[in-house]
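J.: These are the residues of each chain, in order.
2 protein chains.
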Amino acid sequence: MAQVTSADPVDREQLHELAQQLRVDSVRAAAAANSGHPTSSMSAADLMAVLLARYLRYDFSAPENRANDHLVFSKGHASPLLYSMYKLAGAIDDEELLTFREFGSRLQGHPTPEIPWVDVATGSLGQGLPISVGIALAGKRLESADFRVWVLCGDSELAEGSMWEAFEHAGVAGLDNTIAIVDVNRLGQRGPTMHEWDTSSLAARAAACGWDVQEIDGHDIEAIDAAYAQALAAGVPAAIFARTKKGSGVAAVEDQPNQHGKPLADPDAAVEELGGIRSLRVEVQSPPQAQSYEIAAAAVERPHYEVGEKVATRAAYGDALAWLGSVDEKVVALDGEVGNSTYAERFAAKHPDRFFEMYIAEQQMVAAGVGLQTRGWKPFASSFGAFLSRAYDFVRMAAISNADLKLCGSHVGVSIGPDGPSQMALEDIASLRAVFDSVVLYPSDANQAVQLLDAMREHYGISYMRTTREATLVLYEADESFEIGGSRTLRSGESDEITLIGAGITLRECLTAADELAGKGIAARVIDLYSVKPVDADAILTAAGETKALVTVEDHWPEGGIGETVAGVLAEAAASTPLVRLAVTGRPGSGPPEALLSAAGIDAASIVSAAQKLA
Amino acid sequence: MAQVTSADPVDREQLHELAQQLRVDSVRAAAAANSGHPTSSMSAADLMAVLLARYLRYDFSAPENRANDHLVFSKGHASPLLYSMYKLAGAIDDEELLTFREFGSRLQGHPTPEIPWVDVATGSLGQGLPISVGIALAGKRLESADFRVWVLCGDSELAEGSMWEAFEHAGVAGLDNTIAIVDVNRLGQRGPTMHEWDTSSLAARAAACGWDVQEIDGHDIEAIDAAYAQALAAGVPAAIFARTKKGSGVAAVEDQPNQHGKPLADPDAAVEELGGIRSLRVEVQSPPQAQSYEIAAAAVERPHYEVGEKVATRAAYGDALAWLGSVDEKVVALDGEVGNSTYAERFAAKHPDRFFEMYIAEQQMVAAGVGLQTRGWKPFASSFGAFLSRAYDFVRMAAISNADLKLCGSHVGVSIGPDGPSQMALEDIASLRAVFDSVVLYPSDANQAVQLLDAMREHYGISYMRTTREATLVLYEADESFEIGGSRTLRSGESDEITLIGAGITLRECLTAADELAGKGIAARVIDLYSVKPVDADAILTAAGETKALVTVEDHWPEGGIGETVAGVLAEAAASTPLVRLAVTGRPGSGPPEALLSAAGIDAASIVSAAQKLA
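Taken in order, these protein sequences are the chains called R and C.
For what it's worth, this note's numbering labels the leading residue of the first sequence as 10, then goes sequentially.
For what it's worth, this note's numbering labels the leading residue of the second sequence as 10, then goes sequentially.
Some hints could be false.
Since the list gives no way to pick out one identical chain from another, each pair is judged satisfied if it fits inside one copy or across any two copies.
With a Cα cut of at most 27 Å, we get these calculated BS3-like pairs of lysine-lysine [stated by the list, open to error]: (1) K622 to K529; (2) K271 to K319; (3) K149 to K339.
These aren't lab readings, by the way, just hints derived from the structure by calculation.
Please work from the sequences and hints to get the whole structure.
T.: Here's what the structure looks like:
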């Protein structure tokens with residue numbers, strides 16, 4: 010078995026052989042699967058052969074080694090190439106390579122972290138580079154680490170604005186550990202890209218973002234080698250725009266239309282044209298010794314508030330986050346240029362080194378969080394709840410990446426008042442519940458928000474906290490504990506006729522309504538459903554058994570929120586207790602919070618009216 | 010009352026007076042509301058005064074005039090400035106101006122089309138320019154119209170990648186009717202922007218996208234006037250980066266930190282400093298006569314398929330869209346560079362003039378659709394369902410805009426098979442149901458898909474069709490009609506013990522399961538719930554009354570989909586019929602569709618097993 014060590018001088022012929030093996034194996038993997046993207050792999054084979062043999066520093070036997078470089082396939086559909094690189098590096102064998110896309114194989118259609126050498130799932134284009142910015146930020150700003158982040162990008166995905174958020178952020182942050190290798194193969198899924206092989210517009214934009222920029226022939230081994238050397242010495246993030254041919258090396262598909270995302274028609278002939286099957290093996294450089302870095306945790310008292318005080322849960326978020334930053338040295342925070350509204354600024358003031366201002370670029374914010382957590386950091390990312398919808402695809406993919414990502418959305422619902430509907434999150438519970446294995450929390454007071462944020466810190470996975478703009482009464486003592494999946498029954502008695510279920514601002518309305526109903530002789534149970542996912546089904550079913558009817562109240566659209574969550578619990582248990590769901594059903598405008606809650610039919614008066622009909 | 014007509018030569022003093030009035034009125038409106046963004050308005054007052062007095066062609070008495078220019082406030086929070094312009098143009102009076110942000114006033118915190126001179130809602134930053142690209146495309150590519158699209162952008166929002174999608178698209182499409190006026194006031198909500206007054210990076214990037222670019226002093230009346238003149242003559246889209254001072258004109262707030270989004274502390278002093286209240290009036294130029302254009306509809310036969318054929322609903326989407334393009338001359342289509350997968354390519358082949366290739370830029374795609382519909386076009390935008398999640402904030406805002414927007418997401422669910430989870434839409438029903446007044450359709454066969462797409466064409470509002478990758482059996486005759494809000498009961502009898510509810514790929518599984526159950530002596534009703542929102546509650550409640558239990562089956566996460574929709578119907582009616590909800594609960598991988606449906610527990614065998622336990 011031929012071995013190439015990266016200490017060798019450039020040997021064009023030897024490196025070409027490695028690239029041919031990558032092409033052959035990409036063709037074979039796709040042929041075995043009868044699907045996949047061999048032509049998108051072949052275009053980048055030379056680029057990846059040189060990288061693997063001469064530049065990447067990675068111990069495939071120890072993917073947990075913190076000194077390893079990172080290699081992110083932003084063009085995740087080139088997975089046959091990535092998996093062929095694993096074979097070339099000796100990390101997997103040929104037999105496993107040919108399980109590509111089989112049910113149960115870790116070599117899925119697009120890479121996921123089920124593979125130990127993959128940091129994050131890609132396959133939704135335009136995400137790998139922004140996520141890499143997060144990885145690079147960890148290296149530069151938090152760890153003073155020497156690793157480099159190599160990112161293979163497609164040219165089609167440069168149409169995604171998120172890629173340009175990444176170029177800008179990396180430039181401003183001076184991330185000289187980042188090398189974007191753009192495989193400009195001119196052809197997208199259905200035809201030519203906007204710029205085809207004219208890389209001038211792309212290069213000029215990257216340069217304007219402060220990147221070192223090179224435009225090269227992506228099949229010229231020496232040019233590739235020289236480009237990597239220059240990139241590493243650039244002192245700024247480096248982008249290499251490499252003009253390539255899709256399907257390169259096989260005449261039947263090379264630079265041909267309609268060859269995207271399908272196996273080659275005649276894979277055997279292609280393998281022969283490429284010089285046959287090889288079993289070369291590259292000895293990939295090991296990384297240098299990892300640098301150590303230290304951030305100390307400190308015992309700091311948990312923020313707490315007096316019952317009866319008025320405190321917005323968004324303010325409690327800020328206080329709690331600053332506190333968590335002290336007690337847990339892994340906690341980092343990101344915000345989308347609204348830190349004085351989400352109160353992430355309180356973390357920033359206390360822990361400036363671990364705060365990342367992401368400006369108004371929510372996709373880049375979430376992506377950076379995903380990148381940071383690949384290195385063990387615990388990212389909390391905040392913006393207005395409405396604007397997190399901008400990053401929904403990134404949250405979706407983060408769940409596929411099995412990422413540990415904590416989100417906070419402030420200014421939810423009509424109760425924000427005069428700013429109007431563009432600023433109101435009314436779909437956040439629905440959209441974030443519909444994320445694999447997510448947790449959705451909606452604290453109803455400040456002390457609870459603190460406890461729940463700590464629970465989010467401890468919970469591995471995607472979690473979301475919904476905070477309220479308005480200052481609301483502190484209801485709970487500071488030492489009361491709250492758990493993910495819990496609820497709190499605030500008013501309860503044997504003569505309860507009806508149950509009111511709310512969270513956040515609507516819990517306040519439920520409590521007021523319960524008081525009014527008591528005055529009318531109707532005893533109402535009140536449940537604080539602060540954990541919307543997972544939900545405390547027991548508390549709901551107990552109430553359904555013990556009272557005549559349930560009323561859910563939410564500052565959210567009727568779909569996918571608290572009401573449907575409760576409906577699901579009831580229906581699954583075949584409970585016949587009537588349920589009335591109060592939610593926002595009309596298009597809201599501007600106005601005082603009270604007027605908007607009333608207009609939406611989710612204020613205390615509306616609850617009283619609904620309850621009276623049921624009791 | 011002083012009048013300024015735009016035929017006047019530049020009169021610096023007169024235009025300055027107009028700008029001062031805009032500042033004064035912005036301060037007054039925010040003071041009356043005790044909230045709002047006066048300082049973000051004051052920075053752009055000179056820019057807007059010159060525009061209104063000398064360049065904008067707009068008949069405020071006839072906003073429906075198709076020859077009017079468009080003015081889009083991409084920085085929607087500068088609404089006090091926009092509303093002050095309306096007063097200056099005589100469109101509203103001072104009394105109405107001071108209703109800013111009041112409950113019931115059309116002058117909301119951020120502009121919405123409740124105001125007749127506003128095309129689209131803004132306030133989620135980074136959307137106005139991409140939407141304007143759609144408006145401009147209508148003018149250039151469809152209507153050969155002379156109107157211009159003026160877009161006031163903020164500098165903070167240039168951090169959003171969507172803005173750069175717009176720069177690129179406008180450049181490539183040569184939209185010389187588009188003028189972006191960037192108010193570079195250096196200060197965002199919580200502090201300085203990334204580039205502050207250094208406009209070089211922004212300008213270089215816009216230039217690289219093919220725009221004419223100017224960097225000017227945004228308070229220099231002559232410079233502004235010259236810049237607009239150059240922009241109109243540029244022959245390409247034009248961007249004017251205008252360096253301004255936030256809060257300009259009032260020393261207490263001018264270029265000061267912590268002055269974002271709040272009324273001035275001393276509005277009376279500010280008004281005095283600005284020279285007092287004015288009642289100037291500008292005679293805005295009328296537009297030239299509108300050009301007429303013609304696209305003829307033609308009677309073309311509706312596509313139809315034979316019962317028993319195997320046709321993917323995504324293919325039916327393509328056929329139906331091509332047909333609708335023939336019979337309705339207002340139908341236009343956009344696709345995110347996957348037209349050979351969504352089959353939008355069939356429309357493109359038939360109606361190339363009305364097809365817009367938006368490349369892999371889903372935000373720009375949806376935004377362009379929103380822009381196109383402002384001029385009466387009926388846009389159908391398609392991509393993989395998973396990738397529409399990229400544009401979720403744009404869909405959310407489109408609903409606030411009361412837009413007529415038709416979306417199609419293909420390749421939904423685990424049934425796409427080997428491509429793996431990054432390509433599987435499993436949250437699209439939940440997220441798109443949670444859009445104000447939306448319609449969510451999920452056809453189960455090709456003939457139904459055709460009928461439902463026609464229903465979407467006729468329906469004004471946000472509607473979404475979910476299509477399936479796999480070819481499935483044609484179940485319905487071509488002349489059977491289907492409606493939004495309907496369902497179809499496919500198997501039904503008096504001895505039905507159980508009801509199976511599915512749609513799309515899972516309806517196929519339900520039918521197979523019903524056959525198997527029949528063999529085991531269990532009669533099962535089968536409901537095709539093709540309209541998920543609005544839902545046919547009657548059919549569900551009838552089944553709940555006539556059978557012992559319901560089973561919902563969906564290729565989607567359990568949250569916010571078909572199961573919760575049905576649960577909501579049952580709970581609201583206090584029905585005690587047991588409901589079992591089969592949905593995708595684990596993180597899927599790659600594999601053949603059948604294996605993935607089985608692993609997710611949503612195939613026929615799983616349905617049979619669930620039904621047997623209930624019957």
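J.: Against each hint, give a clear statement of whether it holds in the structure.
T.: Comparing the hints with the structure gives:
1. When the C-alpha separation of K622 and K529 is checked against a cutoff of 27 Å, the pair qualifies only within one copy, where the shortest distance is 13 Å, while the shortest distance between copies is 46 Å.
2. Taking the closest pair of Cα atoms, K271 and K319 come within 27 Å of each other only across two copies (22 Å); inside a single copy the shortest separation is 61 Å, beyond that limit.
3. In this homomeric assembly, K149 and K339 come within 27 Å of each other (Cα to Cα) only inside a single copy, at 15 Å, whereas the closest approach across copies is 53 Å.
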